[in-house]
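Q: Sequence:
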Amino acid sequence: MPAPQTEQENCVAHNGSLIPVPGRDIMVQAWYQGGVSVFDFTDSAKPVEIAFFDRGPIDATQLIAGGYWSTYWYNGRIYGSEIARGMDVFRLLPSEFLSQNEIDAASLVRSSELNVQAQTRATWPATAVVGRAYLDQLNRAKGIPADRAAAAKSALEHAHGDRTKREAVATQLEQDAGAAETHDAAHLRALAALIRGPRLRYPCVSV
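In short: position in the sequence shown from 1, add 309, done, that's this note's numbering.
Quick caveat, the hints were computed from the structure, so don't treat them as lab data.
Watch out, some of these pointers could steer you wrong.
Stated by the list, open to error - Ranges between beta-carbon positions, derived for each pair:
1. A488 <-> A369: 51 to 59 Å
2. W378 <-> Q428: 13 to 21 Å
3. R430 <-> H492: 17 to 25 Å
4. R400 <-> V425: 16 to 24 Å
5. K474 <-> N324: 46 to 54 Å
6. Q484 <-> T315: 49 to 57 Å
Just so we're clear, the structure is a prediction, and the values are computed from it rather than from any experiment.
Note that CB positions come from ideal geometry on N, CA and C, so glycine has one too.
Let's have the full structure, built from the sequences with the hints guiding it.
A: Shown next, in the form of structure tokens:
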């Protein structure tokens, strides 16, 4: 992931953390004066940068050591500790690489304190927004036919409706997963499990 860098900037990969988007492997990374980078490494052979922030050099004429020592995701925000310029707090915005549903689903993972070295396992509640995040991923990857996506969307929106219809949609998604690519298959099965589940919740995400 090449990025422009001047001779007045020190740049090294330093402390970062995972962003808990269900169905994807996404990380935020500190690079000292190389800035902040958010990248998707779900396909580890082809990591893709999906967001960044770069203040530029501390001084335009000479190298002064500084930049982001660490960037940590915590309860819906990215906190960047800048060696020379203080603390920055970032909020992810939707783009072609990341949907609002995915951001909202990541924000459902809450903790009272964070120790990134503990490698705590992320878990998500059975909510419609998590299902919509999987659906966004499938649509982005063209991993689901339009009619099946519409049926899944309706099932998520009417989670308290006809259980027989939801069961039929879930069964069809599982059948589709049998012929799908690896990542698409995992997303189809996860979406089916949510639709089939006994009760979806609709929390208000406020971060």
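Q: Hint by hint, say whether it matches the structure.
A: Verification of the supplied hints:
no., hint, verdict
1, A488 <-> A369: 51 to 59 Å, "56 Å, holds"
2, W378 <-> Q428: 13 to 21 Å, "20 Å, holds"
3, R430 <-> H492: 17 to 25 Å, "20 Å, holds"
4, R400 <-> V425: 16 to 24 Å, "19 Å, holds"
5, K474 <-> N324: 46 to 54 Å, "48 Å, holds"
6, Q484 <-> T315: 49 to 57 Å, "54 Å, holds"
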